[in-house]
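With the hints as constraints, model all of the structure from the sequences given.
4 protein chains.
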Amino acid sequence: MKNTFGQSVAVTLFGESHGEEIGAVLDGLAPGLRIDEDFIRHQLSLRRPQGKISTARVEADEFRIVSGVFEGRTTGTPLCILIPNTNTRSKDYTKGLPRPGHADYTAQCKYHGFQDYRGGGHFSGRITAALVAAGAIAISALRQNGILIGTHISRLASICDRHFGDYEADLEMLGDLAFPVLNPAIEALMKKEIEQAASEGDSVGGVLETAVIGLPAGVGEPWFDTVESVLSHALFSIPAIKGVEFGDGFALADLRGSEANDGFRSIGGKIVTTTNHNGGINGGITNGMPVIFRCAVKPTPSIFQEQESVDLDTKENATLKLEGRHDPAIIHRARVVVDSITALALCDLLALRFGTDFPDA
Amino acid sequence: MKNTFGQSVAVTLFGESHGEEIGAVLDGLAPGLRIDEDFIRHQLSLRRPQGKISTARVEADEFRIVSGVFEGRTTGTPLCILIPNTNTRSKDYTKGLPRPGHADYTAQCKYHGFQDYRGGGHFSGRITAALVAAGAIAISALRQNGILIGTHISRLASICDRHFGDYEADLEMLGDLAFPVLNPAIEALMKKEIEQAASEGDSVGGVLETAVIGLPAGVGEPWFDTVESVLSHALFSIPAIKGVEFGDGFALADLRGSEANDGFRSIGGKIVTTTNHNGGINGGITNGMPVIFRCAVKPTPSIFQEQESVDLDTKENATLKLEGRHDPAIIHRARVVVDSITALALCDLLALRFGTDFPDA
Amino acid sequence: MKNTFGQSVAVTLFGESHGEEIGAVLDGLAPGLRIDEDFIRHQLSLRRPQGKISTARVEADEFRIVSGVFEGRTTGTPLCILIPNTNTRSKDYTKGLPRPGHADYTAQCKYHGFQDYRGGGHFSGRITAALVAAGAIAISALRQNGILIGTHISRLASICDRHFGDYEADLEMLGDLAFPVLNPAIEALMKKEIEQAASEGDSVGGVLETAVIGLPAGVGEPWFDTVESVLSHALFSIPAIKGVEFGDGFALADLRGSEANDGFRSIGGKIVTTTNHNGGINGGITNGMPVIFRCAVKPTPSIFQEQESVDLDTKENATLKLEGRHDPAIIHRARVVVDSITALALCDLLALRFGTDFPDA
Amino acid sequence: MKNTFGQSVAVTLFGESHGEEIGAVLDGLAPGLRIDEDFIRHQLSLRRPQGKISTARVEADEFRIVSGVFEGRTTGTPLCILIPNTNTRSKDYTKGLPRPGHADYTAQCKYHGFQDYRGGGHFSGRITAALVAAGAIAISALRQNGILIGTHISRLASICDRHFGDYEADLEMLGDLAFPVLNPAIEALMKKEIEQAASEGDSVGGVLETAVIGLPAGVGEPWFDTVESVLSHALFSIPAIKGVEFGDGFALADLRGSEANDGFRSIGGKIVTTTNHNGGINGGITNGMPVIFRCAVKPTPSIFQEQESVDLDTKENATLKLEGRHDPAIIHRARVVVDSITALALCDLLALRFGTDFPDA
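Order-wise, the sequence lines are chains U, X, C and L.
Residue numbers are given in my numbering: position 316 of the first sequence equals residue 317, and the series is strictly consecutive.
Residue numbers are given in my numbering: position 69 of the second sequence equals residue 70, and the series is strictly consecutive.
Residue numbers are given in my numbering: position 270 of the third sequence equals residue 271, and the series is strictly consecutive.
Residue numbers are given in my numbering: position 345 of the fourth sequence equals residue 346, and the series is strictly consecutive.
Hint data in this document are derived by calculation from the structure and do not stem from the laboratory.
Don't take every hint at face value.
Any copy will do: because identical chains look the same in the list, a pair fits if it lies in one copy or spans two.
[What the hints assert, rightly or not] The calculated DSBU-like cross-link candidates involving lysine-lysine, where the alpha carbons are at most 35 Å apart (straight line), are:
(1) Lys-96 x Lys-271
(2) Lys-193 x Lys-322
(3) Lys-322 x Lys-271
(4) Lys-316 x Lys-271
(5) Lys-316 x Lys-193
(6) Lys-192 x Lys-316
(7) Lys-96 x Lys-192
(8) Lys-53 x Lys-271
(9) Lys-96 x Lys-316
(10) Lys-192 x Lys-271
(11) Lys-53 x Lys-316
(12) Lys-193 x Lys-271
Set out below in structure tokens:
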């Protein structure tokens, strides 16, 4: 559905990069969940640009919750979060030449020229701020029910982070890191790559890896609303995500069945798998093991090198050279967007499975 | 939504591996589309097991269309296709020990033991026969509107097929191949790998690559119903798919923005991109270039080696050794399922965009 | 959504009056519900034509459940019920002249002439047999959870039945009546009216009144998915229903607030209302009192008098005189359709509220 | 779906009576539609209280459109309208005693006491201001495509307005009337009834009748998404609506088929019906004639007489006497809400049928 995601717990996004306000309506969360505005602020800070490796456009991200909260708790009715746009420089944008790798051309095809083209308009990564604010509430709600989510940069320009080890400790640690890597030694190397690309007017991408622990077994549907289907649907909404894989994902293509199957063991009355090549999901349904997935993040399309474009009015070939403020990498900022939309999708799956009083206040 | 996919053009699946009949309801296709039963039969034949590289369970797949077709054309009202199950051997299945890599355990968690466990029940790949029959009608409808879909095995056990070249010729060729590779020389090598695995009681996976040509620009939504979101939602419903990537996908993680961006050129008044790293989709919306994606197919979980399991009644550890008839590879059979569900998802996106008389009779 | 109703518990209808088979896919019911085929047969018998007051086309309504049931209980996966059409006389129908009061003309506008026009095709009341079969399972499931549904003819050609009194006794009684009235003395009078109309080649309509008891308080949504919205959406799908009212409905227009408000009392710790002018629903949400609604059923449009029509090919005015087998009244047969679709809608509302294990096995 | 209505054109509502802001997100309207802020203001003025027949709480209804509009036209992306609450007196409300006829008790059952109870919270008629603002845009869009909507008070406390005559003239006239009646002589009589009820601390209800002209034939679905289903779903969301009937509605119950059927005639090549007992809808699909329906509006539940209630904490019986500012009638104010939600529902049906560029810019 357009700009609305979720069946029982649903989020609706609105806003443009250079419009007056962006926001989200978060509907269907259980009543009575405590709203932690500091945590929302913290999550928004993780999305904000950071120093040399990010754009110079920094927004205050002052948010207002104008509905759905009463005496500090969710009411169960729709919660609207608004974030004003303050630091916009629309003169950096012109309509005529679509930027390669961006949605300028496809927006023109879809909206016939009526789209707000400034800064990517409704397609802008800016809109993810609203998603992060809404997601923060979902993350809190899941945490109160023992479900933890965390994402790290598993690869950036061929530099690889270590794998998840002690999930609980790793996820706790990631929550506080502005540059989310499990191996602290890798941070400087990755940042150097980003700065190198920036110095050449270029940009880098990477791979994000996410773990979710604490999910009950038996969530998801065999056909169409598999957990993979619902999560990938959500994840591919995030600008720049071009691949999603669960468990060993594409690496499974080179394994034998005897290597890929996860055998079962009973440990203290609890049934677990001895390995987790399937990423906690069998037949589209959670099996109680950690849910693991990775997202491919393409390099930021905004670069400062000369690029080929076409004048949409005259249909003549042209050359484009961007000015303004842009990120040489967005992967570290995209991380919290992945966590947010994952939390929203999981709240929906859980409420569909267990009813609208889930997650529990 | 459970077992139903699509908003304007929707497919609903039902049936179990060892039940009486499986089937699909296909709703929302434009009225007046000619039904080609021979093409449906052809598509079903592509899904059927083949010789030594497949299971010995071969179904006739005699289908009946019991509604929605009048005088050889779609009426615009729901079309129900039924396929009886004839060749079932339920005694090969027992309920107590969940098979690793299958949905037996998660089905138990979700359905509390009431599921039909024989042959995987509703989770069985058998159900995809109904999807293929419904998809055949969607593929025909798209073809009548100049939209072609085709999938090949781009990798199997580290053996790689060539890339797409002349899309139209390649897609035409693939439609007739029971073992879909673009480079004919590669077929024997891949089959040898499958037979080798089979001889060891094991199985293999691989990667499928799909191309869609002829799609108009401007289809899809910026948030949540991006083309990537909708297609991945559909694709991850197919059993054994554990990864989906668009354009260069995960390879984009190691590219610079200057390498990943697709510049625009005007050729004869038509705007095209000079490269297609983004797989025909920008900002979630088609740009008129070929839509390209790849799916990771895990090795078939049914293997004949001894595996670890747990007795669900006693919660005691146990050993499982499968008997019966199973595929050492399903990737060549999964190909037509990918084409089918892609066609269904695209018909839905096109009908949402252009109205319920699309695709045109 | 086209031909599919429900979000968590959903029913999908297919078939045409003179097609091969009609049927329904019922998805999302809790696993483990016992299937009572005799009760399904009983419900279908209530929909079947009866003696002089009905059409001479009588179908055996032999149904087959081909999926979703294992060892006599629901599996939790989609249940497909098929009913073959056996007693069809297509020669009674011609395409050219749309019948007044029927969907012939609107089907032509929507489907451009590709619709199956024989016997009303997919618009036919015949399709409700599949709805009744699916609804029988929902009715059983609700009954096992203490929720009872029943409908009587509250008015027919100005003759009025008595009001509900002892709900439980009345609902039990109605379940066995082929001609559902609470006051036995009224049956002969109403039937005489129907026979009188039939003898004049004419038909009659009436009002059906439904009561649902045992629903918990707190089901429904304040906006858009109010209980009234969801039920009316379902009810207005039934051919011939042209009005739906809850509680006192249109009679509320002439009451004062002091007469229409239902005061609260506490009786043995349970909160009840002393009157029920609002039909058990406040603010779109159940309050625990009986849910009461009435449906206006228009007179059967198939009559044997001469009527005005237009030749759709030539656009010339014409005269139409129906032949064949038609009902002078369908209200007594529509009753079980109302019960069925009400049960399906309530199962959906309850599963959305309390999760997919509701109604409980 | 909770708080979101529509599939292709969708509206999402948020806000509480005494919250900071209320609002609506309107998504899926065609790009390029001109936004007429004066018309939105005009529509909001029709919803605002008027003199002696309304509450003394008058809101300025200053709205802000913060997204989805660029250079005075819709962009095709979601449009968010915000309306601040300014004139609130929360001290008039207490939580303990549910008001008869209101949603206080059912909200408690659904939200477990976490709901914002002040002024009815999210259930308040106040929220309809956002619906009216969004609906004004839909009404404008339909008007640009030749589709007109209008509603009058057809009955209030046994006083009846005249029927529609010249639809186009009547609908034009109604658009400017604060008290919408077709017969000007009736206005004073109806207002006198309202004032009389008010003087007794009581309230009145009535019946609203709506006409829609200019709709093309062939819109709607045969099962589940009939035009009646979709409109009634929308209309029953409006607080106080307890009945909806199409065409002759409940009066059809006493007609014969020969009286109720609408014969067809060809007039200048256009097929019309000679009567319109079916309200422009056959088989759930528009036939090109005016769509006619009526809504029963119950008397405002807020009255100043002593009423029975129960203390929700102690479960003891109690007496309630409201203070504050309330409407003795809301029917004249509800009129524009009916028009608004009708327009939104029709935009959705039309976009589903004809694609997302409808209504045309």
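Quick rundown of the hints versus the structure:
no.: 1; hint: Lys-96 x Lys-271; in the structure: between (59 Å within a copy, 19 Å between copies)
no.: 2; hint: Lys-193 x Lys-322; in the structure: within (24 Å within a copy, 52 Å between copies)
no.: 3; hint: Lys-322 x Lys-271; in the structure: between (59 Å within a copy, 22 Å between copies)
no.: 4; hint: Lys-316 x Lys-271; in the structure: between (64 Å within a copy, 8 Å between copies)
no.: 5; hint: Lys-316 x Lys-193; in the structure: neither (40 Å within a copy, 52 Å between copies)
no.: 6; hint: Lys-192 x Lys-316; in the structure: neither (40 Å within a copy, 49 Å between copies)
no.: 7; hint: Lys-96 x Lys-192; in the structure: within (33 Å within a copy, 53 Å between copies)
no.: 8; hint: Lys-53 x Lys-271; in the structure: neither (48 Å within a copy, 40 Å between copies)
no.: 9; hint: Lys-96 x Lys-316; in the structure: within (13 Å within a copy, 50 Å between copies)
no.: 10; hint: Lys-192 x Lys-271; in the structure: neither (42 Å within a copy, 40 Å between copies)
no.: 11; hint: Lys-53 x Lys-316; in the structure: neither (37 Å within a copy, 55 Å between copies)
no.: 12; hint: Lys-193 x Lys-271; in the structure: neither (45 Å within a copy, 41 Å between copies)
Checked against the numbered hints listed earlier, the structure breaks hints 5, 6, 8, 10, 11 and 12; every other hint is satisfied.
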